[in-house]
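The C-terminal position of the sequence shown is numbered 465 in my numbering, with every residue numbered one higher than the one before it.
Some hints here could point you the wrong way.
Claimed, not checked - Straight-line alpha carbon distances no greater than 27 Å define the calculated DSSO-like cross-link-like pairs of lysine-lysine that follow:
#: 1; residue 1: 108; residue 2: 137
#: 2; residue 1: 137; residue 2: 216
#: 3; residue 1: 91; residue 2: 126
#: 4; residue 1: 137; residue 2: 120
#: 5; residue 1: 434; residue 2: 75
#: 6; residue 1: 120; residue 2: 434
Rather than coming from a laboratory, the hints here were simulated on the basis of the structure.
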Amino acid sequence: MRILLLIFTLCHFSYASRPNFLFIVSEDNGPDLGCYGNQFVTTPHLDQLAANGVRFDRAWVPQAGCSQSRAALLTGLYPHQNGQIGLATWKFRLYREDTPNMIRSLKEGGYRTGLLGKLHVNPKEAFPFDFHEIRKSNFDRKNQQNYIDEAAKFIDSCGDIPFFLSVNFPDAHRPFLRKAGGRPAVRVDPELISGPAYYGVDTPELRKDTADYYTCMNRLDELVGELLQTLKETGHEQDTVVVYLGDHGADLLRGKRTCLEGGMRVPLIVRFPGGNRGQTENRMVSTLDLLPTVLELARCPAITDLPGRSLVPLLDGSGVSSWRTYLFGEYNLHSAHNYFPQRCVRGERYKLIENLQPKTENPGYSFTIRRFYPGLQADIDSGPASIRRAYETMRRPPRWELYDLQADPHEFANLAESPEHQEHLNRLQRELSRWRTETADPMRDPQNVKRLKAEIDASVVDGTPQKDRLELTYPDYFFSR
């Protein structure tokens, strides 16, 4: 693996001339906000944030999983580049503790750094936060006022030192709690909504599940509003870059733990002091772009060989003459229950998914159906042929899946074998192969795919992976040192 090096250049700056950063990272939600067109949620504070900043309409995460997305955000690298290919709670980790990252760079550049909520990346020593409170996942949503109080405490402690604070809210992770700590004020009635169109099926159970998820979004918005008010009361509203994003799509059908748009596409809103206001940006961006953006704004040394690029020209109105043509992503696994590596690329219109274990059962399919939607398979089987085919493709996918996101935004019709679409298939295959080579994807070697599967299979007892039996050595053989 190429060792990424920091290029240190002499920087002359005053603390007062550099912005603060407030990152608001929410769990498990796609762009299900009023400002993104969702009519069933009540999200006035996030909508106002978008009205005062830039809302990115086509933002992807590199992998639709918690640890994987967060590690990518902090290191600026794809999961297969940094090593965090699965959940930290299942022993997956960065290849190297000394991997250059956002927190280390900001700290070395004179920033005070803070984190509220879970880090969820191994090893934690790779990220030397000055302040870290509310360290657990807090999926029971207890004492959520603590997020606001601890944020105020951290900001006040910084004085005149520029700061970076990431507040990681647990909503909208499962369980979808309709009420927690008296929040939210508005709960969503399942009788008055429909589920996301990418489901392709509609049942009372799905509507209730979706309504509970939307209710979590309402609670999230209330907390974001209080956090932004705290920022204002501390006197830092005008000197702080505010970034809001979801760590990946919702934990719903065809969302989290997939390479589908329901998993990869996230909300991304940036309020930039003196920057564009009320702008919708349609260029394709990745959360990998946030690290180079932050380092540029903070006047910190750049990190070499990152796949992302700074969003500053899209935020400050200076503009760019050209932008990327493709977005890339991947899936490896989440917990040891759902190892099923995939790679994907999307252009302006077409999207390609490559399944590295084609024509085998995707364990993530049965994991999601069995755990959250028992009995749903019968509804799928009785649905239209197009929907049955879409779910069968998810359950036992071929090697290639090609989708026309203009004609088929919810990815129901696989066009990989369509004679009329072979030109698009071949073009995206070339781009995907090029990307995998340039980023030194270790799963280009089929033996690595098989070897990791064997390690995971060795942890299975009575059909279920056991965390205490999982012995992972992939950092030693994915790359030669």
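Evaluation of the provided hints:
At roughly 23 Å between alpha-carbon atoms, residue 108 and residue 137 fall within 27 Å of each other, so this suggested pair holds. With a C-alpha separation of about 14 Å, the suggested pairing of residue 137 with residue 216 holds against the 27 Å cut-off. A threshold of 27 Å between alpha carbons decides the hint, and for residue 91 with residue 126 the separation of about 31 Å lies outside it, so the pair is violated. Of the pairs offered as hints, the one joining residue 137 and residue 120 holds, with about 19 Å between alpha carbons and a cut-off of 27 Å not exceeded.
With a CA separation close to 19 Å, the supplied pair residue 434 and residue 75 stays within the 27 Å bound. About 34 Å separates the Cα atoms of residue 120 and residue 434, which puts this hinted pair outside 27 Å; it is violated.
The structure does not agree with the numbered hints 3 and 6 stated previously, though it agrees with the rest.
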